[in-house]
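Peer 1: Below are the chains, spelled out letter by letter.
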Amino acid sequence: MSDDTAHGQPGTEVATVDEERYPVPDPGLEEHLPRLTDVDEKAADRATRQVATFFGLVPILSIGFVVVYFAVPGDAWVDFGPLQANSRNLLLGLTFGLALLFLGIGAVHWARKLMDDEEKIDYRHSAASSEADKNYMLTELDKVVDESKITRRKIIGRTLLAALATILLPMIVGLADLGPWPTKKKRAETIEKTIWAPGVRVVQDITFTPIKPEDIEIGQLINGEPANLQELEGAEFQIEKAKAAVIVVRMDPNTITIPPSRQDWAIGGILCYSKICTHVGCPISLWEQQTHHLLCPCHQSTFDLGNSGVVVFGPAARALPQLPITTDAEGYIIARSDFTVPVGPSYFERDSRNDFKEGDN
Amino acid sequence: MFGPHLNQDMRGIRVRLLSSRRRHPAAKALLLVFGLFMMGALYSVVAPPVQVSADDTVTQQVEEGRALFAVGCASCHGLNGEGQTSGTIQGPPLAGVGAAAVDFQVSTGRMPMARPGEQAAAKPNRYSDEEIAALAAYVATLGPGPAIPEPAEYTPANISAEDLARGGELFRTNCSACHNFEGAGGALPNGKYAPPLVGLDDKRLYLAMLTGPQQMPVFSDEVLTPEDKRAIIGYLNALHEQPAAGGLALGGLGPVSEGLWAWIVGLGGLVFFAMWIAAKGAKAK
Amino acid sequence: MAEPAATVNDETAVQAQTPKKELGPVFKAAAGPTKWLDDRLGIAGLGRPFLRKVFPDHWSFLLGEIALYSFIVLILSGIFLTIWFKPSMAEIEYEGSYELLRGLHMSEAYASTLDISFDIRGGLLLRQMHHWAAAVFVAAMLTHSLRIFFTGAFRKPREINWLIGVAMLTLGIINGFTGYSLPDDLLSGTGLRFVDGLIRAIPVIGTWAEFFVFAGEFPGELIIPRLYMVHILLVPALLLGLIAVHLALVVYHKHTQYPGAGRVQGNVVGYPVFPVYAAKAGGFFLIVFGVLTLMGAVMQINPVWVFGPYNPAEVTAGSQPDWYMGFVEGGIRIMPNWEWHIGSTTWSWNVAIPGLGLMGLFFGLMAIYPFVEAWVTGDKSEHHLLDRPRNNPTRTAFGVAAMTGYAMLWIGGGNDLVATQFDVSLNAVTYFLRVAVFVAPVIAFLVTKRICIGLQHADRDRMLHGAESGVIDRAPSGKYSERHRPISAAQAFTLTQHEDIPALLPATDTDGYSEKEIRREQLRRKATRFFFIDTLRRPTRAEIEEAEHHHLHPMIIGDGEHHAIEAEEEHHLAK
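Residue numbers (the working numbering), protein chains in the order written: chain A, 1 to 361; chain B, 362 to 646; chain C, 647 to 1221.
A portion of the hints provided could be inaccurate.
Unchecked claim - Dumping the calculated BS3-like pairs for lysine-lysine here, alpha-carbon to alpha-carbon at most 25 Å:
{"hint": "1", "chain 1": "A", "residue 1": "Lys120", "chain 2": "C", "residue 2": "Lys900"}
{"hint": "2", "chain 1": "B", "residue 1": "Lys484", "chain 2": "A", "residue 2": "Lys42"}
{"hint": "3", "chain 1": "A", "residue 1": "Lys113", "chain 2": "B", "residue 2": "Lys484"}
{"hint": "4", "chain 1": "C", "residue 1": "Lys900", "chain 2": "C", "residue 2": "Lys802"}
{"hint": "5", "chain 1": "B", "residue 1": "Lys641", "chain 2": "A", "residue 2": "Lys42"}
{"hint": "6", "chain 1": "A", "residue 1": "Lys120", "chain 2": "B", "residue 2": "Lys484"}
Stated by the list, open to error - From chain A, some residues computed to sit far from chain B (all C-beta separations above 12 Å):
{"hint": "7", "residue": "Arg21"}
{"hint": "8", "residue": "Thr37"}
{"hint": "9", "residue": "Ala52"}
{"hint": "10", "residue": "Phe70"}
{"hint": "11", "residue": "Asp79"}
{"hint": "12", "residue": "Ala85"}
{"hint": "13", "residue": "Arg124"}
{"hint": "14", "residue": "Leu160"}
{"hint": "15", "residue": "Val173"}
{"hint": "16", "residue": "Gly179"}
{"hint": "17", "residue": "Ala188"}
{"hint": "18", "residue": "Glu225"}
{"hint": "19", "residue": "Ile247"}
{"hint": "20", "residue": "Gln289"}
Bear in mind the hints are in silico, worked out from the structure with no lab data behind them.
From the three backbone atoms N, C-alpha and C, an ideal C-beta is built for every residue, glycine too.
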């Protein structure tokens, strides 16, 4: 652990390796020993035949591939022990895969058994260029600078730099229309709003049938959508569905806590929540009817639907937004309004500290 | 069973035992006989109480059920099925759960539970069909609840291709969140789980949706109609009967198991070849 | 370093000057076309340094080749896939041959993926090969980087190539993710939704980045065409360029080699490019291609038809990314729900730290490590001889600690499957991992370091006492002892050729240096103590001589004598 080695001060070069430094001298490369195939002609012949066999199988398999391609129908199935597969996929893959594999194995076998296997020595040179090269380079570069006159006419250099910097501007600005700008106004009409509105019926997803409270049993879960989603299509449909999806659950009113501010958001024990996780936005519907906990299968955030959707476990930070509901004249469940807070993940521009949390009224 | 196109696609598949029995030529006839039998039996069980009191066999069945209940169920659910919500041994009240719930819980061996716990696991059932029917008949008298459905309600016979596809949509919307895209099951909080749906019979699937056992939510007939439920069951059956087109399914757990196999077979196999390529072969000396 | 000895290249040069009649039949047949090409391209001159260039042979040097060949398979199968894939989010009704989805509305991207899987002959095979190749590509890159790390092959002059490697690993993972998102099935859509939330959580610019990437709100209708461009043009082009530089640098620096008799800093021992290395490398390419094809034939991967088309209100249990994103997924899953509110803003650390920080940390640490180690050792010399991992216990321990932390995150990424497959509570797994992700790497570090030092002790014992022979002697006093056998000169050289890097005491002679310089130097010296203080020094020449004197026979012998002694021992045993 001495102090006075070549490692001493910054910038000190460690002495390059010399053979003297070894406690045990290098005995030099081991003697090259012949293989069986080098000394026994029969063994060499055998290896030759093996290589030729591998190569010889390739044309057979390749033709097999072509035959399979045209002859095996797409709806034939193979059932072989645990392997059940589409015959065409399996046979195409087996013929082509084995052809490639045998070609490769043949080549390697040839190299290992028959090609000269004496190892050769190559000598290294330093990665750095020689002093002469470095000097030549520097002197030439000096000449280049001199010939360009850039040192005497400095204004050219400066304007050139400015020009090069600004020429990038059009390319960067050209990207400004990658998407709409999420200004305050834009956010208010996109990520901060859904198509839920007063009077919009809650309908079942997929079937779009409206729901009456009396049809829902305690412990029931309904994956719902706003009825007006059906009017949309294409990208608009997907965008709105990605925000408006809800779950409707019915719990025993005696086992849940409804804060005073949300008394008229529910119909008895029937409550409606956003299906979009406040963590990164997965749709959640893993609801435990007895504990009233709702689990997200993506990252396991858990919300308590019996307690205004507050977070009880996992990485989500905000309670699940609740949709105020009531019934219309015909007795179907409708929304009283849009969500009172934006659904889905938090974002920088919106302070979510006043969102509902455990203990609020 | 699934229309000509599907059957054609599946020529030569050895389907699972259960399904092959269902697809036996005699299956339809047997099903019909069974259905008629069940319909008769069930009608007698769930018929209005006025008739029940008039029917001695039914009264006898309820009494038999009450006796079985006192032995097997009352320690958790109370002598009259009123439930126990305090103490070390707890059980929910059973008024209104209906005969369907009893049939599901007892025939799958979930009830009676071996010991109190987070979740009652399925296990071999120790009750005979008659005993289960008696228990169901007794619990049905505690309060109105869903009756045991008839085979025609839960069997997705002659289901159209369109309904199968819709069943898939319904499955992915309502079920896959817990039970996984292939019905392989999944995790729930605190050690609970959604069980796998592979190899389950139609009735069991139907009853689970109808009654919402344990943590599973209820999907009542008024909301998720029997037709929808049959579509889901039909989709699951078709999904599980079709062979994995691409070869070994690797557990059907998705990218995690695929990643594992990529490392083991892919990289592992190639490293094996690499070792062979670089190995110094046997020397003559 | 440059030694003026005759090289292989020089030999070929000499051969080239000899008259034509001495050349073999193959050359004669190729003479015409070769001359034609040479007249135009000068291929003889270009090929001269490469034809007989030497590459050392070791299985671990082939890991990078696996990555390279997987990449070629990715390009080949990818070209085929682009012929039929439609990168469009336009909604259509599926009318293809997969029964269970017929009549459903879906994007053209998803429908064309189904067509490739069911209606294009060989399409499913290509899809599966492509996906398996991607999984193996990233796995091979990662394993290759571990080999480089543990053997110290990142040291001067190869630091730039290490950085290129880190860049390629990052690009490989990005491209894997973009590819995962293209089919627009339920899992890829869920993955994109996750990315949407991740981007939105970036402090300050979150919503801007989100709207710019998705052209508005999620999912919009442009994300798949955009990812398609990234997946088939942008990233592959960058990767191809980097691969070219990576390989050019390998050729320029010449490959590193493991230490051994005759294998020293100044040389490289192995097979010439032609014929042996070319046959082996070419053969291995075909083997990789073949194995990936067989995997595509026999093992199902990413059965998108089971997942169903993407529907933003659907999700499935077992929603996971491909394995290489698993550590980020794990970080996201086990992160506590920290969110800050400053002024009128929200800072979503629960997403930003694991989602963005973890990737940055992982690749950042990888990128700077060579420079940190070089600064600590103060070593400015070139290294072409690989370290045996035990001889740098701290580096090896860092590597294993990083692998352990990565593994904990990996487990986190599949915590739901761990819970269901091993019957444990999901919440318990998460709580355990929140601690384990910090504690396990520390334990791994300490244990690995001890194991390395233990192995160094074993090496030293072999040097100074000989190899264990398995022959037990019983002394007249009844004491048992194992007889040790001298080791061969080649073994002895291998065990002692490495350099000892000293741990430095604080500098005392600091005259003439500025305050800042002194502080840096003292810090560096402290770091050398952390790195090397408990590393075992190799035996010195004096110690070996002393041991020989003690045992009354040479500790190291030539190969011939070695065999003789072994024979004698066997003879002894027979008696």
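Peer 1: Taking the hints in turn, state whether each one holds.
Peer 2: Against the structure, the hints come out as follows:
1. A:Lys120 x C:Lys900: holds, 14 Å
2. B:Lys484 x A:Lys42: Given pair Lys484 (chain B), Lys42 (chain A) is violated - Cα atoms ~65 Å apart, limit 25 Å.
3. A:Lys113 x B:Lys484: At roughly 60 Å apart (the allowed maximum being 25 Å), Lys484 (chain B) and Lys113 (chain A) break the hint.
4. C:Lys900 x C:Lys802: holds, 13 Å
5. B:Lys641 x A:Lys42: holds, 20 Å
6. A:Lys120 x B:Lys484: violated, 68 Å
7. Arg21: For Arg21 (chain A), whose nearest Cβ neighbour in chain B is about 29 Å away, the distance exceeds 12 Å, so it holds.
8. Thr37: violated, 8 Å
9. Ala52: Ala52 (chain A) is indeed farther than 12 Å from all Cβ atoms of chain B, at 19 Å.
10. Phe70: Holds, because the least Cβ-Cβ distance between Phe70 (chain A) and chain B comes to about 20 Å, which exceeds 12 Å.
11. Asp79: violated, 5 Å
12. Ala85: violated, 4 Å
13. Arg124: Arg124 (chain A) is indeed farther than 12 Å from all Cβ atoms of chain B, at 21 Å.
14. Leu160: Holds, since 51 Å exceeds 12 Å.
15. Val173: holds, 39 Å
16. Gly179: Gly179 (chain A) is indeed farther than 12 Å from all Cβ atoms of chain B, at 29 Å.
17. Ala188: Its Cβ never comes within 12 Å of chain B, the nearest being 30 Å, so this holds.
18. Glu225: At about 10 Å from chain B, Glu225 (chain A) fails to clear the 12 Å cut-off, so the statement is violated.
19. Ile247: violated, 9 Å
20. Gln289: At roughly 5 Å from the nearest Cβ of chain B, Gln289 (chain A) sits no farther out than 12 Å, so the non-interface label is violated.
When the structure is compared with the earlier hints, violations turn up for hints 2, 3, 6, 8, 11, 12, 18, 19 and 20 and for no others.
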